[in-house]
Each structure stands twice: as structure tokens, then as C-alpha cells.
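Participant: Using the sequences and the hints given, assemble the complete structure.
Protein chains: 2
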Amino acid sequence: MTALTRTGPRIVRTIADVRAAVNEYRAAAGAGATVGLVPTMGYLHEGHASLMRRSASENGLTVLSVFVNPLQFGPNEDFDRYPRDEERDRAVAAEAGADVLFMPSVGEMYPRKPLTSVLVSEVTSRLCGASRPGHFDGVGTVVSKLFNIVGPDRAYFGMKDAQQVAVVTRMAEDLNVPVEIVPCPIVRDPDGLAMSSRNVYLTAEEREQALVLSRTLAQVPGWLADDAGLTSDLLKQRMEQLVRRMPLADIEYAEVLTYPDLLPPGEAPLREAAAKERLLVALAVRFGRTRLIDNILLTP
Amino acid sequence: MTALTRTGPRIVRTIADVRAAVNEYRAAAGAGATVGLVPTMGYLHEGHASLMRRSASENGLTVLSVFVNPLQFGPNEDFDRYPRDEERDRAVAAEAGADVLFMPSVGEMYPRKPLTSVLVSEVTSRLCGASRPGHFDGVGTVVSKLFNIVGPDRAYFGMKDAQQVAVVTRMAEDLNVPVEIVPCPIVRDPDGLAMSSRNVYLTAEEREQALVLSRTLAQVPGWLADDAGLTSDLLKQRMEQLVRRMPLADIEYAEVLTYPDLLPPGEAPLREAAAKERLLVALAVRFGRTRLIDNILLTP
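Just so you know, the sequences run in chain order A and B.
For the first sequence, my numbering gives the first residue as 1, with consecutive numbering after it.
For the second sequence, my numbering gives the first residue as 301, with consecutive numbering after it.
Treat the hints as calculated values from the structure; they're not laboratory data.
In this text, a Cβ means the ideal position worked out from N, Cα and C, and glycines have one as well.
Careful: at least some of the hints might be erroneous.
To be verified - Heads up, simulated DSSO-like pairs for lysine-lysine below, C-alpha to C-alpha not over 30 Å straight-line: (1) Lys236(A) <-> Lys276(A); (2) Lys113(A) <-> Lys576(B); (3) Lys576(B) <-> Lys536(B); (4) Lys413(B) <-> Lys276(A).
As the list claims (entries may be wrong) - If you want a taste of the chain A side facing chain B, the calculated C-beta under 10 Å gives, among others: (5) Ile15; (6) Ser57; (7) Gly74; (8) Asn76; (9) Leu115; (10) Ser117; (11) Thr141; (12) Lys145; (13) Phe147; (14) Gly151; (15) Glu173; (16) Leu175; (17) Asn176; (18) Glu180.
Facilitator: Spelled out as C-alpha cells, the structure:
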């Protein structure tokens, strides 16, 4: 056995095996046992690694799940071509301190046609929920399954998918799932691009132009500080103007919503709303066939 | 303290308290701990008592929940007048061996408007699902909550609500809920009437005529044995004819479906289907404002 395999995560592919691994840990650790879950679709990058490191620092056992969930992809989306690389995932998971790597097949997760859906309304009606119908139904359902399979004390999600964090948090609260949802900061490349498994789709030219997302969002706090009359509509217009300067950019949405309820902040100048509650400023932009999202959260 | 209060169940009204009671038991009982849950809407009768006794015989701790769940009642149904009697429930629970009696308020279970629903398709499209739209959405959601709150190893449901058993079993399987669903036999009054909290609504005349449900169902095995050509449609007609002899009876459905998938068994003589798989023969009949259901399960 090399040092790497000894310190790397235990790979399990069945629900029974991941449950056995968690039960074994809980039996050994006793009353102080805590289990952290990091649910991912794999093709891991530094963003995922930051979730695992956070979980490893807060829990006795960290379970990483890698599952490209067909339920959360639309018929014309990229399920088939979504990047997968098990060797790379194992290496990233080992480096970041995951203890158990749960990599089920589609047949293991859905042995027959599922008839049960976990649906969250309202917080799913805007942003990605509007442009990807059914997406969050698939997310709510698979995250419910993972919670039931692993039984984590804490689950870690990246804020790049801010709406996903809002949906999962609300789902867990409404259904009394005994788990703490831990939102974690967006991790960016040195030039500012939010890390995403889908960045691998970008051509060099698209990647250069994609910097417009983070650069636009980075300006928002300044605009808000300088312009007492800035409304939600004016902010969206400014963002769209900046993004449109990139010839390859195709805007899906540029939005400002309250967080985590994801409601419009009203017609009044944004400073009033921003003084009272958190505001999510979010962008979704297509470059060719690649859909990128990014956001910042403004906190009073 | 009297003997009764000492041996009676511990009453808890909050989610935190029921979780504490279960955790306390699990910590004390160690590796062999098992928790049984009996979810009810209260106004307990001998049917509920049989579920508690079964749970008490199979688990170290039995939790009885009493909660009239507004989510599973339609706007024109009997939520407001559904019978409630806490003293009686406490006495029945004590006699039947429940250890913890969880009696939350509506505000405890739904502190704000729930946005999350647990929906089960297909098995909810017929029988009570067809006549009570939204009913099983409410059942799926509240049972999911109770499973997450109590974390039982086993949950006990009466077969009078055979479709509910099918829905909850499918939900638990689809979502990988780590619980065993235990279906328990229908308990009947000596004259055959299936026990139901709603029987209290019946007038003496209605109650007499309501015996037609169990008496009709009791004839089905004989009809099937005697008549090789009996089809699903013919069986339904025979049942309807018998029920219609009662002037106060208003038939909602008389059905024959495969169990637990609840699909029509086809046009062929029923004996063929009955030789291959279980068949549920089910009736729903209204007497005045009171809706009664009953069924038998034919097993190959």
C-alpha cells in the first residue's frame, strides 16, 4: 500500500456500503460523532475542495458524493456531455481530506422509475428555476435521497449556486431534516472567474470574455455606494450593458432579489432594501453552448 | 403519582422534545436500540391500539404521534370537525404500551407557510387520490416530516388506508428513507365495520347500513372462487349493486386494482390476475356527510 492509498478516501459505490461506512464511524466515535456531507456532481475543482476542507475541519467524518443526477438536467441540457473524471476526483478528494467517496451509478440511485418528487415552490420560480424548468425538482429530490442515505449532521454547498442553497435550506427546514446546511463562499480563479466544472467547455476566447460576469458583479457595491437613486431596474440595465459589450455573451438573466426568499426588492432605490435585508445580485450568461452563473450577496 | 401516570406515555408537544426523548432512549439503549413510530390523527380506537401493541412488541421505544394534519384535508372536508379527544388518546396510548406521545400544534409543525411538498405520482391517481385531490400530497409531506423528526426504525400503518400504505411505502423507497414500513391488518367491530375515527359521525341508521361495506367485501373471495369468468368490471358492478341496496349509501368508488402499484388488472377474468399478484378490492361510500372506506387484499 502506498501512502496515497492509505490516506485517500474509501471508495463506495452502493447505498448499503456508504451507510455501513457511516454507521461504522458513528459506532466507533460514540456520542461526539459528526458527519459532514459534500454533495457534488464530480469533476472536482478548488471550489469543491474548499467544501471538503471545511467539512473535514468541522466533522469527524466527511462523505463526498459524486453523482451526475439525470433528474436535474433538462432534455436539451448537458447531462450526456457533463465532464466526468473519476481519477481526478479521487485525487482531489484525497488532497482535501474526504474520508468516504460515494460514487453511485444511476441504477443504484434510481433502481426503477422514481414516482416521488420533493418540490419547493416560490424560491424556485425565478433565476435558474425560471430558465431550467424541473431543475430544482431534481435537486430537491436527489438531495433528499442523499440526506436519507448518509444521515449527515452538516451538508456543505457552494454559494455560486446561491439559489440551490436557498432551495435546499428551505427544503430541509420545511421537512425538518435534522441537518445543518452550511453555505460556503464562491471560489474563483486568480482572474476572478467563478470556478465551475463547466468552465472546461469554454474556448480561450469565451473564457476571456466570461470574466465579464465577475467584473460586472464586482462593480455593484460601488454603484450602490455612489448612486442613492439606483433602483433594481437601473442596476439590471447597467449590468446588462456591461455584459453585452462582450460579443460572445448571451444574457439569460441579470437579477436582484432578496435572499434567501428570492423576491423582488421593490421599485424603491436599492439602498433602502439593502439596508434592511440581504440582496442577491446574480447573472446567468451563455457563451456558445456553455451556461455560466455568478453572483454576489450584499449584506446590510 | 398514580400507577397510571407512572406507566403512561411521556407527553411531548415540541419537535425538540420528541427528538430529545428519542435521543435519550437511543443513548441509553446503545447498539440494539430500535424506535417504532405510529403516526395517527388521534381519536384513537382499537385499530390504532393494535399498531401500538405491534410496535411495542418489536421495538425498544414506541412513539405515537397525534396530529390532525391540515395539509391532507381538502377545503370542503372535515378538518374543523374531525374528532379530537386528548384524554381518551392518552388513555388508549397508555393501555397499548406507547412510550412517547407526540402531540404537536399546527404552529409547531408548520411555523410558517411550507413551500416544500413530497409528491408521489401514479399510485395516487386512483381511489382516494382521485376523489380527494391533494390529500396524498399532504400525507407524503407530513409523513416525511414525522420520519425526519422521530427517525424511527419502523413505522406502523393500518391497511384500512391501503392506498396510504402503498404511497408511504413507495415514498420511503424512492427517497431512501431508512425506515421499514409495517402494514397492519384492519381491525373491525364485532359486526364487521372497519374501525375508523370517523365512525363517530354516523347515526344509528347510517351505522347499520354501513355494514354493507364489509359484508360486500367479504363476499368477493367466494364470487371469485365460484365464477371463472368474473372480470374486473363485473366484480365492480356486483359490489355496486349490493351497496346500492342501502338507501343511505352514496358510492364514491368500487374498485379492483393491483397492489401495491394500484393499476387496473386488465379485462381478462380476474382469476388470472389474482393468481399472479395481489389485488386490492376497495370501496368508498358516503353516508350523509360521512365518508367510509374499506378493502380486502386478495393474495395469490
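Participant: Quick check: which numbered hints come out false for this structure?
Facilitator: 6, 7, 8, 18
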